[in-house]
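Asker: Each chain, written out:
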Amino acid sequence: MPIVDFRLRPPSRGFLATKIYANAANRDRYTRRLGFEPAASVQAQSMPLLLQEMDAAGITRGIVVGRTTATLGSVPNEDVAAIVAENAGRFIGIGSADTTDRRRAVAMIEECRRLGLAMVNLEPGVMEPPLHADDRRLYPIYAHCEDTGMPLVIMAGGGAGPDITYTAPAHMDRMLADFPKLTVICSHGGWPWVQEMVSVAFRRPNLYLCPDMYLIDLPGMDDYLRAANSFLAEQLLFGTAYPFCPLGPYVERFMQLDIKVPAREMILWRNADRLLDLSLA
Amino acid sequence: MPIVDFRLRPPSRGFLATKIYANAANRDRYTRRLGFEPAASVQAQSMPLLLQEMDAAGITRGIVVGRTTATLGSVPNEDVAAIVAENAGRFIGIGSADTTDRRRAVAMIEECRRLGLAMVNLEPGVMEPPLHADDRRLYPIYAHCEDTGMPLVIMAGGGAGPDITYTAPAHMDRMLADFPKLTVICSHGGWPWVQEMVSVAFRRPNLYLCPDMYLIDLPGMDDYLRAANSFLAEQLLFGTAYPFCPLGPYVERFMQLDIKVPAREMILWRNADRLLDLSLA
Amino acid sequence: MPIVDFRLRPPSRGFLATKIYANAANRDRYTRRLGFEPAASVQAQSMPLLLQEMDAAGITRGIVVGRTTATLGSVPNEDVAAIVAENAGRFIGIGSADTTDRRRAVAMIEECRRLGLAMVNLEPGVMEPPLHADDRRLYPIYAHCEDTGMPLVIMAGGGAGPDITYTAPAHMDRMLADFPKLTVICSHGGWPWVQEMVSVAFRRPNLYLCPDMYLIDLPGMDDYLRAANSFLAEQLLFGTAYPFCPLGPYVERFMQLDIKVPAREMILWRNADRLLDLSLA
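Heads up: the sequence lines are chains R, V and S, in that order.
Take 75 as the starting number for the first sequence in the working numbering and just add one per residue.
Take 75 as the starting number for the second sequence in the working numbering and just add one per residue.
Take 75 as the starting number for the third sequence in the working numbering and just add one per residue.
Worth flagging that the hints you see were computed from the coordinates, not collected in a lab.
Quick caveat, the model's predicted, so the values are computed rather than measured.
All the pointers check out, no bait thrown in.
Stretch by stretch, here's where chain V covers chain S in the computed footprint (C-beta under 8 Å, at least three residues):
no.: 1; segment: 100-109
no.: 2; segment: 236-247
no.: 3; segment: 267-279
no.: 4; segment: 287-296
From the three backbone atoms N, C-alpha and C, an ideal C-beta is built for every residue, glycine too.
Starting from the given sequences, assemble the full structure and let the hints guide the process.
Answerer: Spelled out as structure tokens, the structure:
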């Protein structure tokens with residue numbers, strides 16, 4: 075069975091300058107709070123080790139999610155494309171855009187398209203100024219993506235924003251209603267607003283949740299699982315949030331979750347396959 | 075043991091023109107997402123079949139909840155009264171009122187009273203314009219109901235409103251505090267805001283929750299059950315949300331829930347008996 | 075093993091005039107809704123009985139939390155200090171301050187310091203006017219406490235405020251971000267916003283949660299427990315909310331909770347020991 079990791083940032087190129095690699099102490103503290111030990115590939119910042127860990131964990135494809143942020147660092151879209159090109163068949167690239175300037179955002183989205191990147195990641199909560207997902211200043215960007223068929227990843231969950239209103243599901247609920255043909259993947263799955271975010275996915279078929287590092291052994295897990303076993307199976311995505319979680323141990327704990335087999339397959343690869351046209355089936 | 079279904083919309087008269095019957099595909103999609111198959115009586119739009127299904131499921135009384143909405147259709151109060159009259163002893167009628175005009179609302183509430191309807195259903199979130207439950211424009215209507223002893227059903231949960239702020243429990247919390255003698259039944263039980271809505275019921279004895287279609291196998295279920303087994307037993311009501319859920323299968327799944335016997339009896343009929351003066355005991 | 079009860083209001087001095095003693099019927103109704111019977115010491119308003127009950131329950135230290143509120147009564151800081159002095163070694167005192175006047179608040183905080191009280195309790199939601207925890211009018215008070223190293227207890231949970239927005243975790247999230255060196259203990263643990271409040275504690279190491287009376291057999295309990303067994307163990311405090319919960323039965327039920335031993339010890343005494351410098355270890 076293939077496994078597609080929908081949130082994986084390799085120790086390569088521009089990623090090494092972003093906070094998740096540049097501030098190792100902070101990152102490792104997160105890792106340990108989640109009950110994991112940091113991966114060897116993370117500590118060594120080694121791509122060969124990462125590829126070995128992917129093989130060992132059974133992760134067949136890693137979705138490399140770029141970023142353009144004020145507080146967590148930025149990765150040029152060209153770097154994401156280069157990482158994909160340098161490791162043929164292992165990674166799919168998602169670029170990013172600057173949410174503080176609509177013209178620059180559109181230019182970067184088109185750059186992503188030219189570079190063959192599959193989606194664009196926006197992190198409006200960690201820009202300067204931070205924006206809620208339904209801020210009117212983002213609407214020209216959303217309109218462009220809906221009109222040109224570019225799916226978005228939006229980080230709304232965990233520490234995404236100066237306070238927890240930036241992850242409150244009402245903001246995403248509103249923008250999803252206003253752009254019904256825009257496909258949106260929510261990184262961090264709207265955690266901690268699990269009951270509410272799951273209900274937004276219930277009413278918005280264009281929303282996908284990737285709870286990633288906030289799925290396992292945290293409050294709200296039972297609500298994710300209950301939804302996974304009923305209506306949400308087609309809208310959930312597997313993600314390790316690497317380098318935060320080590321691949322093998324994360325997969326191992328995921329496999330122990332009480333998720334029925336058909337839902338498990340959808341989460342591990344079928345939904346990603348459909349979204350990204352990976353021809354894995 | 076009697077069972078009172080606090081949310082049942084029969085395939086009869088004005089209901090057939092509302093969205094839950096007129097848009098069968100949408101309704102059946104909901105039904106299946108909740109893990110049920112559509113009932114035969116729903117597919118055939120047959121009152122005799124519904125009465126048979128009520129008998130088979132042990133549902134002794136159905137509360138027929140009318141509606142006046144902009145987006146989901148409307149049922150004249152006279153139709154609700156006629157359904158009650160045509161099926162002696164099987165149904166209790168709840169009328170509805172237009173929340174966009176306070177004078178018209180009061181006239182409709184008085185019409186409900188004349189027609190012998192037990193309560194009035196308001197759905198301010200799905201009117202045009204949509205209103206939050208504590209909107210000042212609703213306060214004259216609430217005042218009239220409190221002053222004349224007319225209990226209200228308010229739909230606040232599920233898809234009730236253009237975004238999930240319309241089901242956020244703070245709105246109902248405020249209005250319940252401002253009208254402490256007004257009895258309010260919340261259809262859809264404030265889902266998905268289960269932890270918060272249950273706490274509103276904890277502090278507001280004039281609030282009853284009917285989680286109906288959002289109770290079973292959805293995120294938040296454990297919180298409803300935990301509350302059912304402690305302080306909330308006297309404020310919870312059983313409802314199938316028919317035609318969304320088929321009666322027999324819903325009752326069957328409800329009976330498997332981990333709810334202690336005294337609480338179960340309160341939820342299935344004792345609370346409704348007390349609220350509606352049904353003399354079932 | 076020592077047990078420190080972080081929320082205990084003895085039947086003595088000024089406490090007897092506050093609502094929790096003066097309105098016995100209301101208090102006992104809460105106690106029974108939580109599944110307990112009122113303690114003998116509460117009914118008799120007897121300090122000797124309370125001390126016996128503490129011994130029997132294994133509660134070695136009680137944190138006496140004073141209050142200055144508009145709706146629940148007030149206890150002079152001198153009374154708190156006197157109760158500590160009269161029962162050598164059994165109690166630690168936390169004073170309180172008036173949140174409606176910044177100058178008076180600062181004067182009361184300094185009074186607490188002179189009296190040897192360990193922290194200051196603020197209850198802005200039940201003052202007149204009620205304030206949210208991030209209200210700008212409270213910021214001079216927070217600044218004074220941060221600058222002079224005075225930890226705060228803030229009641230944000232349960233019925234703390236005219237509506238449930240007063241316990242919404244975003245307010246505390248913001249103020250904790252603005253005063254990163256201010257230690258804050260949240261009484262009632264942000265209940266019912268458990269998923270959200272726990273995430274605030276995840277990102278704000280200066281926050282401690284004392285769910286006390288809202289921990290056991292209420293909705294949200296599973297989320298508290300899951301957090302207790304992972305990242306939150308160092309930020310959780312044990313509290314009975316006496317006189318609401320009887321000491322022995324509360325301890326008994328707490329001990330049955332599925333909390334692993336190291337986390338249990340942190341919650342029962344180690345965290346309090348560290349915060350209050352009790353030298354229990």
